[in-house]
Amino acid sequence: MKKLTVFIVGLLLIQFSVNAQSNALIERVTKKLNLVNDYVATGVMKTDVAFIKASLGKVKVYFKKPNLLKVKKEGGISLLPKGGVSVTINSLLNNKQYIAIESGVQVYKGKSLQAIKLIPTDDKLDWVISTLWIDPVDALVYKTFTTTKENGTYEITMEYGEYANLGLPSKVIFGFNTKDYKLPNGITLEFGDDDPAAKQKVLKQKKGTIEITYASYVINQGVSNSMF
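For the sequence shown, the numbering used here gives the first residue as 1115, with consecutive numbering after it.
Misleading hints may appear alongside valid ones.
Think about it this way: if two alpha-carbon atoms lie no more than 16 Å apart in a straight line, the pair counts; the simulated EDC-like pairs of lysine to aspartate or glutamate are [to be verified]:
#1 Lys-1257 x Glu-1269
#2 Lys-1172 x Glu-1188
#3 Lys-1145 x Asp-1252
#4 Lys-1285 x Asp-1236
#5 Lys-1285 x Glu-1269
#6 Lys-1174 x Glu-1325
#7 Lys-1160 x Glu-1141
#8 Lys-1257 x Asp-1240
#9 Lys-1179 x Asp-1152
#10 Lys-1263 x Asp-1249
#11 Lys-1210 x Asp-1240
#12 Lys-1160 x Glu-1325
#13 Lys-1223 x Asp-1249
#14 Lys-1231 x Glu-1141
#15 Lys-1257 x Glu-1188
#16 Lys-1225 x Asp-1249
#17 Lys-1174 x Glu-1188
#18 Lys-1263 x Asp-1236
#19 Lys-1223 x Glu-1273
#20 Lys-1172 x Glu-1325
If you anchor each label on the Cβ, the simulated ranges turn out as follows [claimed, not checked]:
#21 Gly-1189 x Asp-1237: 39 to 45 Å
#22 Lys-1225 x Val-1158: 22 to 28 Å
#23 Val-1251 x Ile-1215: 18 to 24 Å
#24 Lys-1160 x Leu-1239: 18 to 24 Å
#25 Val-1158 x Glu-1216: 31 to 37 Å
#26 Lys-1285 x Asn-1148: 18 to 24 Å
#27 Lys-1285 x Ile-1243: 21 to 27 Å
#28 Ser-1338 x Lys-1238: 23 to 29 Å
These are calculated hints, taken from the structure and not from any lab test.
Cβ atoms here follow ideal geometry from the backbone N, Cα and C, with glycine treated the same way.
Use the sequences and the hints to build the structure in full.
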């Protein structure tokens, strides 16, 4: 009897996993994203981290399927937190190694968005759990909140314009807790204190956002692996 119970529970878990992974809305989002094999985008990056001196700067963003991504700031250093860059919508959805669970509807900027939690089924993945808020009308992801194993939590919000039909945003706002932020070499803190302990104390008390507003995309023209 015990073995039969375990077997039935196992079948239910398998069925749940299959149903979750084949979530219709996730499949629509993935189908749209899969239209883009690579791109080079130009834009402007604005950094709002109180303890870092960083000016508004032009950037180029390089992407190549499945999850290669690089942000280059002209004449400066990219401030995107290391761990968060690798956890993109593409990297979350393309590997198919997750269970998707619908978890309610939330109104966001006048839109009723379906919240879907993704739970990885592969222990080797860098992230622990991610929630996507998706517009079921246009199959666009407007917000994500992801917890990673080693690089804290990240919230990404997106706006769309000319390239919405390909799932490419016109603006991305990347929010993070600075206590999990690995300070890049060459960055100067506003208070001018070079003591590592003092830096970490300040980092634990702050939050940061990085905003990229895109001006144009060059799509599916080929991007060399050497760019990454």
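Quick rundown of the hints versus the structure:
1. Lys-1257 x Glu-1269: At roughly 7 Å apart (the allowed maximum being 16 Å), Glu-1269 and Lys-1257 satisfy the hint.
2. Lys-1172 x Glu-1188: Since the Cα atoms of Lys-1172 and Glu-1188 sit roughly 6 Å apart, the hinted pair holds (cutoff 16 Å).
3. Lys-1145 x Asp-1252: Distance ~12 Å between Lys-1145 and Asp-1252 Cα, so the pair holds.
4. Lys-1285 x Asp-1236: 31 Å, violated
5. Lys-1285 x Glu-1269: Between Lys-1285 and Glu-1269 the Cα gap is close to 14 Å, so the pair holds against 16 Å.
6. Lys-1174 x Glu-1325: 13 Å, holds
7. Lys-1160 x Glu-1141: Distance of about 32 Å is beyond 16 Å: violated.
8. Lys-1257 x Asp-1240: 19 Å, violated
9. Lys-1179 x Asp-1152: Answer holds: Lys-1179 to Asp-1152 is near 6 Å, not above 16 Å.
10. Lys-1263 x Asp-1249: 28 Å, violated
11. Lys-1210 x Asp-1240: Measuring from Cα to Cα gives roughly 14 Å; hence the hint holds.
12. Lys-1160 x Glu-1325: 5 Å, holds
13. Lys-1223 x Asp-1249: Holds, at roughly 11 Å.
14. Lys-1231 x Glu-1141: 14 Å, holds
15. Lys-1257 x Glu-1188: Roughly 27 Å separates the two Cα atoms, so the pair is violated.
16. Lys-1225 x Asp-1249: 7 Å, holds
17. Lys-1174 x Glu-1188: Cα-Cα ~8 Å, so holds.
18. Lys-1263 x Asp-1236: 13 Å, holds
19. Lys-1223 x Glu-1273: Answer holds: Lys-1223 to Glu-1273 is near 10 Å, not above 16 Å.
20. Lys-1172 x Glu-1325: Cα-Cα ~12 Å, so holds.
21. Gly-1189 x Asp-1237: 39 to 45 Å: 41 Å, holds
22. Lys-1225 x Val-1158: 22 to 28 Å: 25 Å, holds
23. Val-1251 x Ile-1215: 18 to 24 Å: Holds, at about 21 Å.
24. Lys-1160 x Leu-1239: 18 to 24 Å: For Lys-1160 and Leu-1239 the Cβ distance comes to about 30 Å; the hint is violated.
25. Val-1158 x Glu-1216: 31 to 37 Å: For Val-1158 and Glu-1216 the Cβ distance comes to about 36 Å; the hint holds.
26. Lys-1285 x Asn-1148: 18 to 24 Å: 22 Å, holds
27. Lys-1285 x Ile-1243: 21 to 27 Å: 25 Å, holds
28. Ser-1338 x Lys-1238: 23 to 29 Å: 27 Å, holds
Hints 4, 7, 8, 10, 15 and 24 from the list above are not met by this structure, while the remaining hints are.
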